[in-house]
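Chains as they are written, first to last, in the working numbering: chain A, 1 to 623; chain B, 1001 to 1623; chain C, 2001 to 2348; chain D, 3001 to 3348.
Treat the hints as calculated values from the structure; they're not laboratory data. You may find that some hints are simply not true.
[Said to hold, decoys possible] So, partial list: chain C residues that the calculated Cβ filter (under 8 Å) puts toward chain B: (1) Val-2161; (2) Leu-2165; (3) Arg-2337.
[What the hints assert, rightly or not] DSS-like mimics (lysine-lysine), calculated; alpha carbons at most 25 Å apart, straight line: (4) Lys-1183/B - Lys-1114/B; (5) Lys-1159/B - Lys-3158/D; (6) Lys-3190/D - Lys-1192/B; (7) Lys-518/A - Lys-1590/B; (8) Lys-191/A - Lys-146/A.
[Unchecked claim] Now the stretches of chain B that chain C is said to cover, found in silico as 3 or more residues with beta-carbon under 8 Å: (9) 1180-1188; (10) 1247-1261; (11) 1298-1306; (12) 1392-1404; (13) 1502-1512.
By construction, the Cβ of each residue, glycine as well, lies at the ideal position given by its N, Cα and C atoms.
Okay, here's what each chain looks like letter by letter:
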Amino acid sequence: MVVGYDQKGSRMATTDVVPQESTGQLGPKRVVNDMSIQVATVNGSGSQSSNNVLLRSIFQMGVPVSGKNLFPSNIAGLPTWFTIRANKNGYIARKKEIDFLVSMNPETAQDDVKSLAPGACVLFDQPLALDKVRDDLTFYSVPYDKLVAPVCPEAKLRKLVKNMIYVGVVAQLLDIDMAEVEKALRRQFAKKVKAANLNWAAVQAGYEYAKTNLVKRDPFLISRMDKTRGKIIIDGNSAAALGCMFAGCTVVTWYPITPSSSLVETMIEYMKEHRVGADGKATFAIVQAEDELAAIGMVIGASWAGARAMTATAGPGISLMAEFTGLAYYAEVPAVIWDIQRVGPSTGLPTRTSQGDLLFTAFLGHGDTKHIMLFPTSPAECFEMAHDAFDLAEQFQTPVFVMSDLDLGMNNWMADPFTYPEKPIKRGKVLGKEDLAKLGSWQRYQDVDGDGIPYRTLPGTDHPAAAYFTRGSGHNEKAQYTERPDDFERNMERLNKKFETARSFVPRAEAVANGKSKIGIIAFGTTHWAIVETRDQLRDEYQVETDYLRLRSYPFTREVHDFIEQHDRVYVVEQNRDAQMSTLLKLDIKAELTPRLRSICHIHGLPIDARSVTDELMTMEGK
Amino acid sequence: MVVGYDQKGSRMATTDVVPQESTGQLGPKRVVNDMSIQVATVNGSGSQSSNNVLLRSIFQMGVPVSGKNLFPSNIAGLPTWFTIRANKNGYIARKKEIDFLVSMNPETAQDDVKSLAPGACVLFDQPLALDKVRDDLTFYSVPYDKLVAPVCPEAKLRKLVKNMIYVGVVAQLLDIDMAEVEKALRRQFAKKVKAANLNWAAVQAGYEYAKTNLVKRDPFLISRMDKTRGKIIIDGNSAAALGCMFAGCTVVTWYPITPSSSLVETMIEYMKEHRVGADGKATFAIVQAEDELAAIGMVIGASWAGARAMTATAGPGISLMAEFTGLAYYAEVPAVIWDIQRVGPSTGLPTRTSQGDLLFTAFLGHGDTKHIMLFPTSPAECFEMAHDAFDLAEQFQTPVFVMSDLDLGMNNWMADPFTYPEKPIKRGKVLGKEDLAKLGSWQRYQDVDGDGIPYRTLPGTDHPAAAYFTRGSGHNEKAQYTERPDDFERNMERLNKKFETARSFVPRAEAVANGKSKIGIIAFGTTHWAIVETRDQLRDEYQVETDYLRLRSYPFTREVHDFIEQHDRVYVVEQNRDAQMSTLLKLDIKAELTPRLRSICHIHGLPIDARSVTDELMTMEGK
Amino acid sequence: MATTSTSTPSPKVNRIGLQILDYRGGKTTLCAGCGHNAISERIIDAMYEMGIQPERLLKFSGIGCSSKTPAYFMSRAFAFNSVHGRMPSVATGALLANKTMHALGVTGDGDTVSIGAGQFVHLMRRNMPLIYVIENNGCYGLTKGQFSATADLGSTLKSGVVNDLPPVDTCQMAIQLGATFVGRSFSGDKKQLHAMLKAAIAHRGTVMLDVISPCVTFNDHEGSTKSYKYVLEHEERLHELDFVPSFENISVDYDPGTAFQVTMHDGSHLRLRKLEEEYNPTDRIQAMTRLMEANAKGEVLTGVFYINATAPSFVDMLNVTDEPLATLPESVVRPSREVLAQCMEELM
Amino acid sequence: MATTSTSTPSPKVNRIGLQILDYRGGKTTLCAGCGHNAISERIIDAMYEMGIQPERLLKFSGIGCSSKTPAYFMSRAFAFNSVHGRMPSVATGALLANKTMHALGVTGDGDTVSIGAGQFVHLMRRNMPLIYVIENNGCYGLTKGQFSATADLGSTLKSGVVNDLPPVDTCQMAIQLGATFVGRSFSGDKKQLHAMLKAAIAHRGTVMLDVISPCVTFNDHEGSTKSYKYVLEHEERLHELDFVPSFENISVDYDPGTAFQVTMHDGSHLRLRKLEEEYNPTDRIQAMTRLMEANAKGEVLTGVFYINATAPSFVDMLNVTDEPLATLPESVVRPSREVLAQCMEELM
Ligand SMILES: Cc1ncc(C[n+]2csc(CCOP(=O)(O)OP(=O)(O)O)c2C)c(N)n1
Ligand SMILES: Cc1ncc(C[n+]2csc(CCOP(=O)(O)OP(=O)(O)O)c2C)c(N)n1
Ligand code: SF4
Ligand code: SF4
Ligand SMILES: [Mg+2]
Ligand SMILES: [Mg+2]
């Protein structure tokens, strides 16, 4: 369905906004710890630091926050929007409506203001004169250029420092504790004390200006709570990097691509710090390959030789990895691939988020292939699933894809600190020298245990019977070349059995069910956060109770079948056009259950928001 | 399911063979024009010519034939089996049982003989002494070495000429007219008269030997009929080559891969002969690319510039084409890709047949992509669908895959001569200089006609407004770069609409229905030929009437939905492990109909045979 | 003829009557100061001066900051911004379909030498009639500055990381593999690049130009060997270039002792005023040797290293009809009824 | 000590006590007379004589007749027959995981230079410790003889089709790009290839050997430049090779005027007995020049063109633990509880 969008994609709907009782005066209504603040600027202008300071200040006040950066696919000079959501209930999905706009970009200012819902609040650079555009909003103007000159004598730096001024203004207007702002700022600039001082002066200038010149007329306030104590703020890619480090990853080969590059780049930092021995020697190798074909080839070579090896990429890389992935599936070589999904097809929107690679990845490679996929929802799951991915890849001797996305990977998420992995590293069925000495002989592709999983040896194992011949062409149990139909079929059926075995080992789907509701919702990955909020909206606004199942892996675990069985109507919510997860479900569930599935799909590249899901679901419910 | 196979994959079943009343003596029973003859030899030994002569001789006697070559993935010296089926009813699928074995390969002779059903007949090279192996078969021995010496003084050639001897022996035993054999042989050697004479002498020597020394004790006979008059014998790849030539193909770029190479190599021959102008200049360019990534890139560049361009490949090539195919889908550039399917995953069995690339190809490329696929069943359809493919690719400005397979592409098929294409070449919505002059302005990706299909111009069009910017990144109607969520979503939905439009333009599925039967069968491509025979077996042996639908394209046309709606149980028969076509159907049909689908899948790489399908279907019917 | 002084002066036009405006593109979205922008300007000037009809030009690119630039010049030309590293095949296909067009590919060092090395090799072999411009900044600009395969040994990233793999010299590769016009220039060397591009337009065959083009955001610091400063300090010009287009009827004498003159495919002349004695740009071995010496010495050698103005391009060797294959009518591309009948006959 | 004449003679063994049998592989399925079979034999001999423990060897290949050969030698070594044209990345990955292994890649000219050109370029740059043998027959044997990118200009197919694209000289590319041991030999030159392979085993870094290996079935006819006959007629040996392994304590004198001696990484010596005056195989520029001259003259030049016995390989520059990464224990690859706590602290 095609609907009207404003520039940043909030639907230009007039009816679906929760009205705020702002009259342009600070009325009796106060909206405390429930707002989304959007900073509109251009990339490369240094506003990222200001936004981080703002985000952290609120976080330090104990108010749950999330930060989402909507940036263009270029390096500098194009419009960027950073949105901070503060929410006392802990909702951290994108909020559809913007409550508080900090307008710094002349190019988008008019459009940005026009797309706001009545009652919103706008902080703008004086010369933009935005208060002329509408009369149903609260406006504050700030003469940034005048304010910046005295605090920043060096003209060259003013463009950057200007951005810190709005931090001070916003802090004053929302009543954010300046002590927290300073703490956040000094943390941000860490050892660069001079820069910190300069920027702190700018924040103060903004604060003072607001205090002296602006009369609070909007309802939005931040007030101290205690909901962030002990929490961390982290992006999913950093969490994944940490996870891989603690999962014992030894070889990383990669080719830069947005939004996956930061996963490996952060990992390099962490590994340099924590995975170098006392002798100065690294317990890992991270290599930038010449492209994704090479990156996955190296992962396969390294895994075959016994390393815990991985790569990270995005859609175009997945396309290029198809042939090698098929080889790994068929020759049974472990591989861990992080797909930080962005909007496809083709180059698509490289800096927007999506869950659009599922179907293609599930069957990646010509011929009959199937792959294990994991769906992390949070930084904590990026951390944990890193471990799962390596263990599964080695236990099942097959590629494992971790399907993250740009929203999870690159945005700031509040999270509980990660727990140290208690389970030991699982390397799967590997026969060592001693095993071979005991066994005398073995067969690489024999289903000894009845689970479809054969045994392997690592190259270099010092036994005359250790070696075997790995190939992508037809092979029998002994890993010998064969074109015999029976050999081929038997092997393919064993691979199928192995995949079925995986069903009981992959992370299980999580159900929240009261056992009474007739409506079920299925989601996964970052879509989860909208569903949490949608379910509350459905309950609070429509008195509709729903059950919920969060998928965590493919193939689907038993819970998935049970959940669908238990509900009349099951809404599968996802961020792609072709209802890809729904499709995978249809292939897996009992045919009789298929009619129960309904799809809610979002494809515009912005993180999915609860309001849109709620509206669509209620429409489909005929209400 | 895993069952026992003999070396060549006929199931080692003991119960499913139609017993023949041979007692080792030429009894009262004569089996006329209904047999399969298998020649077991090694590749590179020149037996291909002998087998062709035998095939053609039978064909010239008016008896329907098919020839299937089961060859290894190397160049010389490994076992090869060539099977000729002669059948008075016109069945040309692989027959599961071998009736008449010509055993020339010592390496496989024992196994080959052991796998025969009782009553079969074996012609063997005297030193092999195969008649010791079993006593329920008819054996004839021939002292090839003794016979070949006198006819072929040149020792070096004897290995080749030896093979012609069995042609004479078989002709004598089966009562094939020697005049037809000579005609077929002289045709085979065409202008090489000396070779023809030498080989003819060998045939005669074999014939004379048999006449003098062998006593006919088997029931098999070939007798003149009139069922091949006006027919041709051709492989699907040659038919496709002809089809492409007559479809006005102008650019072919390719990378050799079995079993697709012969498509392009034959096309080169045809094009050199028939597509070079009086001035000696070609109206085509055929270029061997450095790999499949380059081959598809060139096709896309050429199609964009206005050529009718194509490539031909097999599974590994499809994997490598994923990224470019996604670009063509999204940037809306025509492309014709022939996938002559072989057994995957990975290198798999390069010289065995399969229908295993369907699911992967349907969604080839990351992100939300979908592709048109055509499923030719016969050489005639290879010819016709070549035309359809180019027209559809240009009309819909999208890649079109023609999903042939090794069985169709490389084996010998009896066929009606092709009919000259009466419909003019369709180039789709192309705006020329004059159109632009009239219109003044246009937008590359605008849905002017409501069918989702936009207009394009060809590079070089001489008008200042003609040019546009083609890209795989987000674009609006004007083909300008955009990251706007609304632009992106609108465009994706239009692409979806275009795909829906295609549904009414692709070749329609063909139904054979009596309106009464509760059982439907769905098949496509080469699987069709087994189904024709299976339906007769079901009717004749089990009195089960079935309806039948032959798919010819994806997306599925209306007939498909109707057919499933009209049947209680629908068996989808295909040659892959994962029920790939069944999967595509599940995604497309009404959810309520899903439970009706049942799958019969064959994956051993041999062309599917009717007997196995019949057995499996009856088992699933609970009988 | 006298003109009245009141008439508005007619805008300046080139030999085909177009203004420079007709060669402009969309507004650049690259960083201010990026070398790539300067190259776009040079392309506009060269195309304008050579009087290339914009509609007769095909523009190709891969993915990267550099690969975005075709959107920033000559909007009236047909453009294909394809996938990362595989533009050569797209360009090759398009030229097969229509060999009558001019063609220009713009790419980056990442696009060509990292992911694109394979297609680059084969493009050079085929000597397709394409001007192939590598906007070489030694890094991946668009993905934030990682080293590419042209980064020099010992060159550092802003973060201090040192490159320890040898650089690929695209000019050496191109010469060795079959390109027929190979040169190197610098985005900051307006005059040289301008002349080189005009000569490129006059050539038929693959023109491989490696243009060093600093990335001001990620690779213009101390320690980088692709910074403005480094290149200005290390550039060695092999010769001074003068280009005399065929349509300018100037026949200035030249002294073979001080200049080397090449007659181009279209009758233009490229004159290389010798700065180094004895350098003969038609001698492949000499070109290679000089380049290897320069690399050993750490010189950034610029100029036209190798040229063969007469070698046939692949597309011309194919012996294809003169008209573009793209637009041949049905009557030409579909053989007759009789041909089909004959083919069927042979199969009976 | 006297031994009784009745005892059965013990089978011949190499320095690690293995028989030649321990180096054999499966039965070849290639055509009788195929050059590739001869190369397999040379590999067996060289590995046997050098006393390489089979279990310490990794064998890699792509797809093609040539790429099948690892199944036909040294069954006791670990083998990975990967995908077409992308073996270098698999080998690179395996060596990252375990740099203590010997590694040998076998490939074809199609596998390396057509589809594989990109990975080939980057393998050479990295100078990975891998012996990379191209079994070069100028065609795609396994797909029935089409031209590959090493087919010479003017070479013909059996069908008479003439190749009109210039060949890629893998030796030139390898030298230019960073390989540290580059040579060419001929499958029919038993002695030279044998010595070259032994020296290759003694080298640490990428050894790029282009071994001309006629395809008797598709490319051994009159008109082919990769036929036995052609190569025998056109071969020019640059020098005679003697290899003196480190474990053989022979210190034969040599005359620097008539031979050039290189000390290998493992202490062995490669002696190049000069057939051409002044050829110095450690001089990259000379190597390139000599190769270009040979190509211009139509010579099939063989020998070790370039060698740098001391350059570090990429895997050694990474400063990785001495033990293989592949088998590091959990205690080493999983940081402590404290490290996680510290990381979390930093994020609060
Ligand atoms: C298949 C694929 N892999 C990775 C990327 C991400 N990517 C975009 S541009 C680029 C590198 C560009 O470098 P270069 O060609 O040198 O251009 P520059 O930006 O430096 O001008 C990369 C790796 C991509 N778009 N596609
Ligand atoms: C992706 C892919 N494309 C094509 C093929 C088909 N193919 C198999 S081997 C080969 C060429 C082999 O040539 P070369 O490497 O020279 O080996 P040779 O057989 O000559 O020894 C090709 C094109 C393939 N296996 N995979
Ligand atoms: S990042 Fe570098 S290459 Fe890209 S536009 Fe900016 S300066 Fe140019
Ligand atoms: S086809 Fe050629 S390359 Fe292949 S095995 Fe035979 S002779 Fe060797
Ligand atoms: Mg670059
Ligand atoms: Mg070859």
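Problem set entry | In rising order, the numbers of the hints this structure does not comply with | Failing hints, ascending: 1, 2, 4, 6, 8, 9, 12 and 13.
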